[in-house]
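Chains as they are written, first to last, in the numbering used here: chain A, 9 to 276; chain B, 567 to 842.
Think of the hints as simulated: they come from the structure by calculation, not from any bench. Treat the hints with care, as some may be off.
Stated by the list, open to error - With a cut-off of at most 30 Å between alpha-carbon atoms, the simulated DSS-like pairs for lysine-lysine come out as follows:
1. A:130 <-> B:591
2. A:152 <-> B:839
3. A:73 <-> B:756
4. A:126 <-> B:756
5. A:91 <-> A:208
6. B:756 <-> A:139
7. A:208 <-> B:756
8. B:839 <-> A:126
9. A:208 <-> A:152
10. A:272 <-> A:205
11. B:591 <-> A:152
12. A:207 <-> A:126
13. A:130 <-> B:756
14. A:152 <-> B:756
15. A:56 <-> A:205
16. A:272 <-> A:73
Unchecked claim - Computed beta-carbon distance windows for the label pairs:
17. A:270 <-> B:680: 15 to 25 Å
18. A:39 <-> B:690: 28 to 38 Å
19. A:156 <-> B:680: 35 to 45 Å
Claimed, not checked - Rough simulated footprint, nothing fancy, chain A against chain B, three-plus residues with beta-carbon under 8 Å:
20. 752 to 761
21. 764 to 773
22. 829 to 837
Ideal placement from N, C-alpha and C gives every residue a C-beta, glycine not left out.
Chain by chain, the residues run as shown.
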Amino acid sequence: MRNITAQAASAASRPAGSDVAVEVRGVCKMYNEVEALRGIDLDFPSGKLTTLLGPSGCGKTTLLKIIAGLIPATSGEIRVNGKTVTGPGPERAFVFQDFALMPWATVMRNVAFGLELKGMGKDERQAIAAKYIAEVGLAGFENKYPHELSGGMRQRVGLARAFAVNADVLLLDEPFSAVDEQNRRKFQEDLLELVEKEKKTFIFVTHSIEEAVYCSDRIVILSRRPGRIAQIIEPEIDRSATPDAIRRDQGYLDTVEEIWQGLKRYVD
Amino acid sequence: MTYPVQANGSSRAVPPSEASFFWRKLSEHRTALWRLASVGLFFLIWEIAGRIPISFAFPTFLETLNAFVTMTLDGSFVAAYAETLQPLVIGIAVSAVIGIALGIVMGLSRFAEWLVAPVFIVLQAAPMAALIPLITFVYGIGLVSKTLAVIMLALPVIVLNGYKAVRNANPSLVAMCYSFQGNLWQRITKIIIPDASPVIFAGLRLGLAAGFIGVILAELLITPTGIGDLITYHRSVANYAEMYAAVVSIILVSTLTLAALEAFELRVLRPEKKRS
Ligand SMILES: Nc1ncnc2c1ncn2[C@@H]1O[C@H](COP(=O)(O)OP(=O)(O)O)[C@@H](O)[C@H]1O
Ligand SMILES: [Mg+2]
Numbered sequence: 009m010r011n012i013t014a015q016a017a018s019a020a021s022r023p024a025g026s027d028v029a030v031e032v033r034g035v036c037k038m039y040n041e042v043e044a045l046r047g048i049d050l051d052f053p054s055g056k057l058t059t060l061l062g063p064s065g066c067g068k069t070t071l072l073k074i075i076a077g078l079i080p081a082t083s084g085e086i087r088v089n090g091k092t093v094t095g096p097g098p099e100r101a102f103v104f105q106d107f108a109l110m111p112w113a114t115v116m117r118n119v120a121f122g123l124e125l126k127g128m129g130k131d132e133r134q135a136i137a138a139k140y141i142a143e144v145g146l147a148g149f150e151n152k153y154p155h156e157l158s159g160g161m162r163q164r165v166g167l168a169r170a171f172a173v174n175a176d177v178l179l180l181d182e183p184f185s186a187v188d189e190q191n192r193r194k195f196q197e198d199l200l201e202l203v204e205k206e207k208k209t210f211i212f213v214t215h216s217i218e219e220a221v222y223c224s225d226r227i228v229i230l231s232r233r234p235g236r237i238a239q240i241i242e243p244e245i246d247r248s249a250t251p252d253a254i255r256r257d258q259g260y261l262d263t264v265e266e267i268w269q270g271l272k273r274y275v276d
Numbered sequence: 567m568t569y570p571v572q573a574n575g576s577s578r579a580v581p582p583s584e585a586s587f588f589w590r591k592l593s594e595h596r597t598a599l600w601r602l603a604s605v606g607l608f609f610l611i612w613e614i615a616g617r618i619p620i621s622f623a624f625p626t627f628l629e630t631l632n633a634f635v636t637m638t639l640d641g642s643f644v645a646a647y648a649e650t651l652q653p654l655v656i657g658i659a660v661s662a663v664i665g666i667a668l669g670i671v672m673g674l675s676r677f678a679e680w681l682v683a684p685v686f687i688v689l690q691a692a693p694m695a696a697l698i699p700l701i702t703f704v705y706g707i708g709l710v711s712k713t714l715a716v717i718m719l720a721l722p723v724i725v726l727n728g729y730k731a732v733r734n735a736n737p738s739l740v741a742m743c744y745s746f747q748g749n750l751w752q753r754i755t756k757i758i759i760p761d762a763s764p765v766i767f768a769g770l771r772l773g774l775a776a777g778f779i780g781v782i783l784a785e786l787l788i789t790p791t792g793i794g795d796l797i798t799y800h801r802s803v804a805n806y807a808e809m810y811a812a813v814v815s816i817i818l819v820s821t822l823t824l825a826a827l828e829a830f831e832l833r834v835l836r837p838e839k840k841r842s
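Kindly generate the complete structure, drawing on both the sequences and the hints.
Now the structure itself:
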């Protein structure tokens, strides 16, 4: 495990390297009188999975939506691949916490929806969607409607939809929060496989310490509102081991414990 | 989806037999049977009430049925509805187009809401039937007046439902469409309208029901034509069975039209609801 909080601060001031997918520079966010984020400076390395971890209400969703271009920052800026963000763009795709699936559309249409909006022809987009439906493990469910699926399966549909538009950066807001514990572990393992396979930059919000340590290359810990960066940790876990071995690994357990010690002061 | 599991469970507990098969078939159609039974009970009470009789102007169910069949066969219903449905169809079509469009615009723009919503809220609360003689005063006794009567009754509820539905469109789906770079037109046609369609259609159904009231009122108050004329005429010559048959035919026609509208909605806009 490596604590790189100090290095990150200096990294923020150096010119952007090609290995940085998303740069967050001096981002503040006010919701009327409520200060949600204060002075966030962050780099998200490309091809890695970075987690935003912090107590409920600390501004994780807010930061993710600002990166997505769904809401504007009050001050500061976001650059993706060196270009300043002014709204949603094709190089980013969002996976919503509440899935945001259209209840009147089949799994196939939901997954292909990003491509449908781009004006791609039906056959072409369905071929692409079918590939990602299979990749997230939903082959055979193409013609089901969302209400016929479990919470975990719905979130896989949301994930497949984000993969289908072939964005460089995937933004996931608590993707496992509506999934029960057993399916959650399976889903985490599947997600890690997909991260390996898709070679994309993942930014992932969670409030589960174990989940963050298990999944991430880098963990950004936010303090309680107004959200600021409290700590940046790289767990450096050997991912060649089996999932169960990782969960028993001393390094893994130590990292979980250290983060918990750091976060404890934010819990009443 | 869980049917087979349940079926297996019960067949293991109780060996399947002809009788249990019969009951299962029966319970599948239970709601339909209950509906039939309640309609049957209603007709029975009607028949009894007619035979007591509670009023000399109140025919029995069988007399009414007889009149209904006669009037269907001799073509008087066909002729009457050809006339009645004209202002109704035009009025509903105009109300649907204007109402849904206005509702969507009001749902999307605060300015349009501020400008238009109060008008329809007042119109919906106003006793429209009282205004029908006023229309006659301005537009005479022709098709225009009757169509206007239909629109006046049908439009407010269609507009207000459309507007509420659009205003309450699922914000998470709207954000989803925006995040995948959907433009305004795509947002309206692919997300907001399908999401709002159950409430818009509820408005259309209420509007259609109100439109039926409007056209009948117009035919009774403005000039006796179509089905309104049938009612007025048979009342004046004391053919009460025929008069009631005409009233029943209105209920039948409006119920069937509403059911057709619902079937259209399920088929075209919300296919997922058919399967649940
Ligand atoms: N649309 C909004 N209007 C006003 N306040 C908001 C809004 N969205 C979030 N907030 C506030 O901003 C803070 C951060 O919210 P959020 O980013 O959703 O936190 P998290 O995702 O970490 O739980 C919370 O205190 C919340 O109440
Ligand atoms: Mg959140």
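Verification of the supplied hints:
no.: 1; hint: A:130 <-> B:591; in the structure: violated, 41 Å
no.: 2; hint: A:152 <-> B:839; in the structure: holds, 12 Å
no.: 3; hint: A:73 <-> B:756; in the structure: holds, 22 Å
no.: 4; hint: A:126 <-> B:756; in the structure: holds, 13 Å
no.: 5; hint: A:91 <-> A:208; in the structure: holds, 17 Å
no.: 6; hint: B:756 <-> A:139; in the structure: holds, 24 Å
no.: 7; hint: A:208 <-> B:756; in the structure: holds, 29 Å
no.: 8; hint: B:839 <-> A:126; in the structure: holds, 28 Å
no.: 9; hint: A:208 <-> A:152; in the structure: holds, 28 Å
no.: 10; hint: A:272 <-> A:205; in the structure: violated, 35 Å
no.: 11; hint: B:591 <-> A:152; in the structure: holds, 27 Å
no.: 12; hint: A:207 <-> A:126; in the structure: holds, 23 Å
no.: 13; hint: A:130 <-> B:756; in the structure: holds, 15 Å
no.: 14; hint: A:152 <-> B:756; in the structure: holds, 19 Å
no.: 15; hint: A:56 <-> A:205; in the structure: holds, 12 Å
no.: 16; hint: A:272 <-> A:73; in the structure: holds, 26 Å
no.: 17; hint: A:270 <-> B:680: 15 to 25 Å; in the structure: violated, 51 Å
no.: 18; hint: A:39 <-> B:690: 28 to 38 Å; in the structure: holds, 36 Å
no.: 19; hint: A:156 <-> B:680: 35 to 45 Å; in the structure: holds, 42 Å
no.: 20; hint: 752 to 761; in the structure: holds (count 5)
no.: 21; hint: 764 to 773; in the structure: violated (count 0)
no.: 22; hint: 829 to 837; in the structure: holds (count 3)
Of the hints listed earlier, those the structure fails to meet are numbers 1, 10, 17 and 21, in rising order.
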